[in-house]
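Peer 1: Next come the chains, spelled out residue by residue.
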Amino acid sequence: MRPTLQQITQQPDFLPGLALITQRMAQASDSSEVTALLAEAALLAGADVAAFASFMQDDEFYESYRFILACDPLWCLAYENDACYMHDPWLTYARHHSEPVLAHRLPAKTNKEHGVRALASEYGFVSALIVPSQAPHGLTRLGALCLGSREPGYFDDPGLSLLTFAATVLAMRLHEWQVAQLRSELLQYAALTPDDLTLLQHQLEGHKSKEVARAINTTPIAIDSHWQRLNAKLGVTSRLAAVRRAAEYGLI
Amino acid sequence: MKKLKPTLISADADKDGIVLRSEDGRLFYWLRATRAGLWVQRDRRRQDSRARLVQSHMFCTDAAFARWCNADTVRFDYPVIFVKLQREGRALLKGHEHAPDTATDHAAT
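Here the protein sequences line up with chains H and E, keeping their order. When we follow the numbering used here, the leftmost residue of the first sequence carries the number 1, and every step to the right adds one. When we follow the numbering used here, the leftmost residue of the second sequence carries the number 1001, and every step to the right adds one.
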C-alpha cells in the first residue's frame, strides 16, 4: 500500500534528503543535473510528478515559458499546442501570490482554464501543490514548483506543512538557478562589457546622459553613442527596454 | 518565413552536447548524454502566439524518447530537424552509461 504524505514526511531522511538536493542544486554545473535533481526531489517528497515552470517577458516581442520536467514530457507538448500558458490558473496564481497552495483550491473560471487543469490531471497532476517563487517587484519574472500526485487529495494530509516548508526552499533554489542561467545566457548572447553594465546601472537609477558623462569622465555624445551600441547588442530599441531586459535577466 | 535572431541559449550548449537549430531560428534542441539517460532541452518560439517555450527532460529509454519525438508537431513542421533529433538522441542514449549524473525517467514507456 502506498504510504501517506504524513508517513513520507516523517521518514528520517525526508528533510535531510531534500536539504541535500537543494544544496546540490546550488552547486549544479548544468541544466541536466538540475533536471535530474528535481526528479530525485519529487521521488523523495512522495510526488508522482513534478515540474518547475518559470515565466518571463523576454523582450518586446516574446514571452518565455520554461519547464524543467520530472513528469511525462508529452504534457508539455500538449500544453504548448493548446497554448495553455494563456489560460493557466496555476500560473495566474503564481503571478499574484507568494503562498503555496493546493491546486484544487484554485477555481478554474473559464472553460479554457478547466481544459488546462484537465490536461495536467491527465498527465499525473490529479492533485497538486503549487509553490510560487517570485522576482523582485516590478519584474515579470516568476517561477512555480508544481508537485503532483495521481491520487486525488494526496496532499490534503497532516504532512502537508512539512512538505510545503521543504518545497518552498526547493522552489526558491530552482528560481535562483534559473536566474543564474538567464544571466549567463544574456551575457554570452550580448557579449556585455563591465562598461555596458555600468551604463545600465546608471539608467536604472534614472541618470541622464549628462550626469553619466560627468560620473565617468566622458562626454554626453560618447554616452549616447555607447547607448546605440548597447541597444543593438541587447536587441532592443530604447534605453528603457534595455534596462528592463537586463533587470529581467538578473544582470542589474 | 521571417528569420529570427539567434535564440538566447546557455553558453555551454555549443561546448557540451549536440545542438540542432532550425534555419528560421524558431526551433532549437540541445542534447546531452548523462549517466542517467538522455537530457534534452527543446526551445520553440511560436509565431502565432509570440510565446517561447523551453522544456528540459531526462529520457532513460529509447522508447520514451521515441514516444516524445513522435508526439511532437515538429515532425511535420521541421521534418529535417526531426530526423536529426531522433538519430542523434538514439546515438547518445546508447552510450549514456559512461557519462556522469543521475535521474529518474517519469515518462510512460
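Don't take every hint at face value.
[Claimed, not checked] In silico contact screen, one side only, chain H against chain E (beta carbon under 10 Å); selected entries:
id, residue
1, 13
2, 14
3, 26
4, 33
5, 34
6, 54
7, 62
8, 64
9, 239
Calculated directly from the structure, the hints in this document are not laboratory data. In this text the structure is predicted, and so the values were computed from the model without any measurement. Positions of the beta carbon are idealized from the N, C-alpha and C atoms, including for glycine.
Peer 1: For each hint, tell me whether it holds in the structure or not.
Peer 2: Hint by hint, here is what the structure shows:
Annotation: interface hint on residue 13 (chain H) violated; nearest CB of chain E at approximately 16 Å, more than 10 Å. The beta carbon of residue 14 (chain H) is not positioned within 10 Å of any beta carbon in chain E (closest approach about 17 Å), and the interface hint is therefore violated. Interface hint at residue 26 (chain H): violated, since its Cβ lies 17 Å from the closest Cβ of chain E, which is beyond the 10 Å cut-off. For residue 33 (chain H), the shortest C-beta to C-beta distance to chain E is roughly 6 Å, which falls under 10 Å, so the interface hint holds.
The restraint placing residue 34 (chain H) at the interface with chain E holds, with a minimum CB-CB distance near 8 Å, inside the 10 Å limit. Because the smallest distance between the Cβ of residue 54 (chain H) and any Cβ of chain E comes to about 9 Å, under 10 Å, the interface hint for this residue holds. About 5 Å separates the beta-carbon of residue 62 (chain H) from the nearest beta-carbon of chain E, less than 10 Å, and the hint is met. Taking 10 Å as the C-beta contact cut-off toward chain E, the hint placing residue 64 (chain H) at the interface holds, the least distance being around 4 Å.
At a threshold of 10 Å, the smallest CB-CB gap from residue 239 (chain H) to chain E is about 20 Å, leaving the interface hint violated.
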